[in-house]
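A.B. asks: In case you want the letters, here they are:
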Amino acid sequence: MNNSALFVSLGGVLASAAPVLFAVIGETISERAGVLNLSMNGMILLSAMGSFAVALSTGSVVLGFLAGALIGALVSLVVVFASLTLLQSQVAVGFVLALLCRDLSYFLGSPIMGQVGPRISQLPIPGLEQIPVLGTILFRQDMMTYLSFILVILAWFFIFKTRPGLTLRGIGERPAAAFVRGANVNRLRYLYAVLGGAIAGLAGPIYSLSVKAGWKGTISGLDGIGWIVLSITIFGGWKPFRAAFGAYLFAFLQWLGLVLQPSLPSVPSQVLQVAPFPLMILTLLFVNIGNAEWVERSLARLPENVRRDIAKVLRAMNATPPAALGVPFEKE
Amino acid sequence: MRDSRATRLLFKVGAILFALIVTTGVLFLAKAQPFAAYKYITLGALGSWDVVTNVFVSWVPLLLATSGLLVTFTVGLWNIGIEGQITLGAIFTTWAMRLLEHSGWNPTLILMLAVLAGMLGGALWAMLAGALKTFGGVNEIFGGLGLNFVATALNIWLIFGPWKRPGVASMSGTIPFDRSLWMPIAQGSSRLTPATLVMAIVGILVVYAMIEGTYFGLRLKAVGKNARSAHILGIPTWQYMMSSFAVCGIFAGVAGAVQVTAVYHRLIPSISSGYGYLGLMVAMLVGYRASLAAPVALFFAALNVGSIQLPIVLKLDSSLAGVLQGTLVLFVVLGQGVRSRILKKTKVKS
Amino acid sequence: MHIELRGITKCFGALRANDNISFAVPPSSIHGILGENGAGKSTLMKILSGFYSPDSGDILLDGKKVRIASPADAIRHGIGMLHQDPLDFPPLKVIDDFILGSKGNLIPNHKSATREFRELAARFGFSIDPESYVDTLTVGERQQLEILRLLWLGARALILDEPTTGISLPQKEKLFATLKKLASEGMTILFVSHKLEDVEALCNKVSVLRQGKLVGSVDPPFATGALVEMMFGKEIALEPKAQLRFGSNVLHIKHVDLEGIRIQIKGLDLQVRAGEVIGLAGMEGSGQTLFLGACAGLAQPVGGSFCLDEDEKDMTGRTYHEFRKHGVAYLPAARLEQALVPGLTLTEHFILSEGMKGLFIDRKKAEALAKSRIQVFNIKGRPDSTVESLSGGNQQRALLALMRDPLKLILVEHPTRGLDIESTIYIWNKLKERCARGTSIIFISADLDEILKYSDRVLVFFAGRVSPPLEASTLSVERLGRLIGGKDWETLETEAAHA
Numbered sequence: 001m002n003n004s005a006l007f008v009s010l011g012g013v014l015a016s017a018a019p020v021l022f023a024v025i026g027e028t029i030s031e032r033a034g035v036l037n038l039s040m041n042g043m044i045l046l047s048a049m050g051s052f053a054v055a056l057s058t059g060s061v062v063l064g065f066l067a068g069a070l071i072g073a074l075v076s077l078v079v080v081f082a083s084l085t086l087l088q089s090q091v092a093v094g095f096v097l098a099l100l101c102r103d104l105s106y107f108l109g110s111p112i113m114g115q116v117g118p119r120i121s122q123l124p125i126p127g128l129e130q131i132p133v134l135g136t137i138l139f140r141q142d143m144m145t146y147l148s149f150i151l152v153i154l155a156w157f158f159i160f161k162t163r164p165g166l167t168l169r170g171i172g173e174r175p176a177a178a179f180v181r182g183a184n185v186n187r188l189r190y191l192y193a194v195l196g197g198a199i200a201g202l203a204g205p206i207y208s209l210s211v212k213a214g215w216k217g218t219i220s221g222l223d224g225i226g227w228i229v230l231s232i233t234i235f236g237g238w239k240p241f242r243a244a245f246g247a248y249l250f251a252f253l254q255w256l257g258l259v260l261q262p263s264l265p266s267v268p269s270q271v272l273q274v275a276p277f278p279l280m281i282l283t284l285l286f287v288n289i290g291n292a293e294w295v296e297r298s299l300a301r302l303p304e305n306v307r308r309d310i311a312k313v314l315r316a317m318n319a320t321p322p323a324a325l326g327v328p329f330e331k332e
Numbered sequence: 001m002r003d004s005r006a007t008r009l010l011f012k013v014g015a016i017l018f019a020l021i022v023t024t025g026v027l028f029l030a031k032a033q034p035f036a037a038y039k040y041i042t043l044g045a046l047g048s049w050d051v052v053t054n055v056f057v058s059w060v061p062l063l064l065a066t067s068g069l070l071v072t073f074t075v076g077l078w079n080i081g082i083e084g085q086i087t088l089g090a091i092f093t094t095w096a097m098r099l100l101e102h103s104g105w106n107p108t109l110i111l112m113l114a115v116l117a118g119m120l121g122g123a124l125w126a127m128l129a130g131a132l133k134t135f136g137g138v139n140e141i142f143g144g145l146g147l148n149f150v151a152t153a154l155n156i157w158l159i160f161g162p163w164k165r166p167g168v169a170s171m172s173g174t175i176p177f178d179r180s181l182w183m184p185i186a187q188g189s190s191r192l193t194p195a196t197l198v199m200a201i202v203g204i205l206v207v208y209a210m211i212e213g214t215y216f217g218l219r220l221k222a223v224g225k226n227a228r229s230a231h232i233l234g235i236p237t238w239q240y241m242m243s244s245f246a247v248c249g250i251f252a253g254v255a256g257a258v259q260v261t262a263v264y265h266r267l268i269p270s271i272s273s274g275y276g277y278l279g280l281m282v283a284m285l286v287g288y289r290a291s292l293a294a295p296v297a298l299f300f301a302a303l304n305v306g307s308i309q310l311p312i313v314l315k316l317d318s319s320l321a322g323v324l325q326g327t328l329v330l331f332v333v334l335g336q337g338v339r340s341r342i343l344k345k346t347k348v349k350s
Numbered sequence: 001m002h003i004e005l006r007g008i009t010k011c012f013g014a015l016r017a018n019d020n021i022s023f024a025v026p027p028s029s030i031h032g033i034l035g036e037n038g039a040g041k042s043t044l045m046k047i048l049s050g051f052y053s054p055d056s057g058d059i060l061l062d063g064k065k066v067r068i069a070s071p072a073d074a075i076r077h078g079i080g081m082l083h084q085d086p087l088d089f090p091p092l093k094v095i096d097d098f099i100l101g102s103k104g105n106l107i108p109n110h111k112s113a114t115r116e117f118r119e120l121a122a123r124f125g126f127s128i129d130p131e132s133y134v135d136t137l138t139v140g141e142r143q144q145l146e147i148l149r150l151l152w153l154g155a156r157a158l159i160l161d162e163p164t165t166g167i168s169l170p171q172k173e174k175l176f177a178t179l180k181k182l183a184s185e186g187m188t189i190l191f192v193s194h195k196l197e198d199v200e201a202l203c204n205k206v207s208v209l210r211q212g213k214l215v216g217s218v219d220p221p222f223a224t225g226a227l228v229e230m231m232f233g234k235e236i237a238l239e240p241k242a243q244l245r246f247g248s249n250v251l252h253i254k255h256v257d258l259e260g261i262r263i264q265i266k267g268l269d270l271q272v273r274a275g276e277v278i279g280l281a282g283m284e285g286s287g288q289t290l291f292l293g294a295c296a297g298l299a300q301p302v303g304g305s306f307c308l309d310e311d312e313k314d315m316t317g318r319t320y321h322e323f324r325k326h327g328v329a330y331l332p333a334a335r336l337e338q339a340l341v342p343g344l345t346l347t348e349h350f351i352l353s354e355g356m357k358g359l360f361i362d363r364k365k366a367e368a369l370a371k372s373r374i375q376v377f378n379i380k381g382r383p384d385s386t387v388e389s390l391s392g393g394n395q396q397r398a399l400l401a402l403m404r405d406p407l408k409l410i411l412v413e414h415p416t417r418g419l420d421i422e423s424t425i426y427i428w429n430k431l432k433e434r435c436a437r438g439t440s441i442i443f444i445s446a447d448l449d450e451i452l453k454y455s456d457r458v459l460v461f462f463a464g465r466v467s468p469p470l471e472a473s474t475l476s477v478e479r480l481g482r483l484i485g486g487k488d489w490e491t492l493e494t495e496a497a498h499a
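Residue numbers (our numbering), protein chains in the order written: chain A, 1 to 332; chain B, 1 to 350; chain C, 1 to 499.
If you're looking for bench data, these hints aren't it; they were derived computationally from the structure.
Ideal placement from N, C-alpha and C gives every residue a C-beta, glycine not left out.
Be aware that one or more of the hints could be misleading.
Partial pick of chain B residues on the chain C-facing surface, computed with a CB cut under 7 Å [unchecked claim]:
#1 R5
#2 R8
#3 G104
#4 N106
#5 T108
#6 M112
#7 Y215
#8 A222
#9 A227
#10 I232
#11 L233
#12 T237
Pulled out of the complex, with its shape left as it was, chain A reads as follows (with noise of 0.2 Å):
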């Protein structure tokens, strides 16, 4: 492989993360709010095929976006009405949706199956692209790779620097304390688990109208998209940079599955593509072993100094996700 092809590859990379990320960011806005939106694999091949659907059918390429976050915010009202209005839990919920969106994108899905129809062209940024190498790896895109980008980026600064973002943060740490200062902890979570929804939702409409433009029902490729971002959301410790990380780790994973078939032929691609689970076990391991009380059991007869040594190194490891998650806020 020359070296050009390879740096399209590496665009490639890129734009085929950039739906894992809408979906990673939303799903860490909805559980920073403390709202786990477990429905996350049907959601995202509902908005797929809902989209492709209404932009075939009225051939608008942003009508179909639009219905691909209503899908999402939809989805993700159901989860939060069924846990913080009806106090059921968020896992049951969240897994029904999972199976029932998916079996529904693929009974509705089934007479669009194989239609061509629009979809988002590449986007070239006029100069920034002539740019050696960086042009074409990242500057040669569509547009809602370009948004992925800033979304990381907005997310982030969201998140950390603006005063809803901190209260956004409170609310999932330690709503009672948020209550205090004022914040309506349940419309809040309300709002954030939603609006997680509709931006995790455009995940959909990016496969369907660009990476894999197209609906192509059970061969589409994308069931198990969904598990794969809510592990990447853990592994992101409900951090942007950390989760956008996370997407390209995988996304380039993948590719080097693909890239690496010819030369592994007894390997399948299938088993390449996977290779990250065990390394995120692994990581989920780390980060939670601190907690486990044989561990605290046992550090409790070591001597004093060496104790507090090794309990600043689990603590290290340790992201904790926000300790309200999945837990229901009742004012007293």
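Using the hints, position chains B and C against chain A.
C.D. replies: Chains B and C alone, transformed into the frame defined by chain A:
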């Protein structure tokens, strides 16, 4: 409103009605005739002896998965990793079959050993998720999901690598076993295997008896309802969590073994057929109680089999079954929420 | 700010948590609210800070009647509340925690906020790094952060709920100096506490609550005896205790160090004799729960050793289940959260606690066992009653009935909290029966009469300090009350030195 059997039933019936209304709406959206669709699903599941046997073929692994999940739900765990456990059960079964297929041993013995190997595979994979949870603090949902992907990868690697068909590897799976090593099929049927039916029925009875009648089951319940109190009462909670994972894994492993020895007679890439996830739905729908699992699983299996024909007769996708199942579970869960909300309000007032 | 309460009443079901409470607090003063646990202090303060609205009664701020709808509304009225467990955000940076909840631009100006934070902190001599994380601060520093934040938001009155629990002595002195300085600048301060020492050192006036009612308000100089009597009611003459003969030592606690979340205990020594009852006195959170848990293997000591029996079997570092096997029973106070399993029946509880062996449950045997225990322990319930359907008294009886026989040591948290007199007497009779058979009991209680009436020896806990074992027969309610409030500890040490 009072909390009684009648109101509970009312909400269940309401959930079914809502699910039917929504599904009918979905059918209208797809410009299909709802009644024709329901008719063909019914015919597809009950129309002939052959399709009825197919329902039972699908019922067996679904009920096995559900039975296992009832055990993990009893102890308060969401064993979402069951898909991977079914897959590992299938892999271990295939492995045992490949080892023994030319041994010249009695086929019944080989099949029994293969099922045992399946149990082992499922249990080991489940205990891996359990160990991650109890010793590593990794939430069983995310650990399980990760292990599902790893199991799928392992499966595909085996099919395309070490166990590939002579000549060319393909998505259609490994080379089928010799007919003598298939689970024996009932006379007058094309697919029904009485041995696996017995496994499923014995399985759910065992789970029912275990949860309702044994000391083990009672301790599982105690841990699931209040782990702290259970600990104070002298129950070693983590051992019980691990055991419940192991039991569920055994059931999942049998489901995988059934898929290999009785349904596909080989290892295929999507060997779990989604029965693990569907089993989670059945368990949710029956409120995590064993008594109704068998009929509800049969109903779900009938929906699955009944909708297979839809693409041919009505040009509708067979995933309609999933839509109906999903809306049903969703409305039952939402209905529970509405009911407890109303109950709480009436309690506050009085 | 001038705060006036008029006839505040608040009920929770049948319980009158606040019953027609009226008093006024002028600006530039520190007003103490004194009372034992459950006297209604917290409810009253939660009404004032907007968590609850009163069933009847009025709140007047600077003479104007106001309705305080929420905690955020309270701070808009200028009332800031400092909770016992500071309501802050441990994973956030100090400066972010400081800003969270303040009004202003979309993008908060970190620079000016940091500057103002530093200025405020300097005014009171606090040294908190605004860039550090809240969870690295001590409780005392987190209180300081909350005080600064409330002042920054414009609080003109501060409510402090048990602020001296879990903070070090220098930090307490710092806090008191700060509060005095604030009061001298015109701040109105309500200081809620059960610690006589603190109230006496700090307050311009003290109101005492008991069982939801205002018993009275006292001006300095405070007579400790009078305050104790107001808090706990009249002193009750105790019946003479039958002198029991104790057996050999059952539990040997040697120089044990314990570390809790907010509390540390150092170098605790105790020998418990067979048949002896030891009462642990002290206000909630003074270390007694941590100690009791450690005696059951539920908390691990970081130093020293626990040994059981005459042969001094070393149990240090063993699990709760090993303690249990060796005849130690633990009865937590939160019955439905920590001791019983809601949803399971009495019979099922007996099956679990007996550790019955076999595969299938022997229902007949279990039911017979349940029936006989229900009868022996006089539990108002059937074998198939779920535990949550029982009344508190019957749940406590069930806990006693669940204990195995024989036992070496019973550890009980609040054996009779929330129970009626009949149940209380019954439960102690049952416990004393065990003692007569050689079982030792260690119990926690907030009820001083209960401590004095049933204990042979008493350990008093105060902020992680533990008194030497005191003979209950030589203790009076007043002396115990003073010790619990942190007074007279010097004389205790000299007594110990003489003994």
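A.B. asks: So, for every hint listed, does it hold in this structure?
C.D. replies: Cross-check of the supplied hints:
For R5 (chain B), the suggested interface contact is broken, since its CB lies about 17 Å from the closest CB of chain C, more than 7 Å. Here the hint on R8 (chain B) is broken, as its CB sits about 16 Å from the closest CB of chain C, past 7 Å. Taken as an interface hint, G104 (chain B) does not check out: its beta carbon lies about 38 Å from the nearest beta carbon of chain C, beyond 7 Å. Given the 7 Å rule on beta carbons, the hint for N106 (chain B) is violated: about 31 Å separates it from the nearest Cβ of chain C.
Hint status for T108 (chain B): violated, given a least beta-carbon distance of 28 Å to chain C, over 7 Å. With 7 Å as the threshold, the beta carbon of M112 (chain B) stays out of range of chain C, its nearest partner Cβ sitting at about 23 Å, so the hint is violated. This hint holds: Y215 (chain B) has a C-beta 6 Å from the nearest C-beta of chain C, less than the 7 Å allowed. Of the supplied interface hints, the one on A222 (chain B) holds, with its beta-carbon coming within about 5 Å of a beta-carbon of chain C, less than 7 Å.
For the restraint placing A227 (chain B) at the interface with chain C, the shortest Cβ-Cβ distance is roughly 9 Å, beyond the 7 Å limit, so the hint is violated. This hint holds: I232 (chain B) has a C-beta 5 Å from the nearest C-beta of chain C, less than the 7 Å allowed. For L233 (chain B), the interface hint holds, the least distance from its beta-carbon to any beta-carbon of chain C being 5 Å, beneath 7 Å. At a threshold of 7 Å, the smallest CB-CB gap from T237 (chain B) to chain C is about 10 Å, leaving the interface hint violated.
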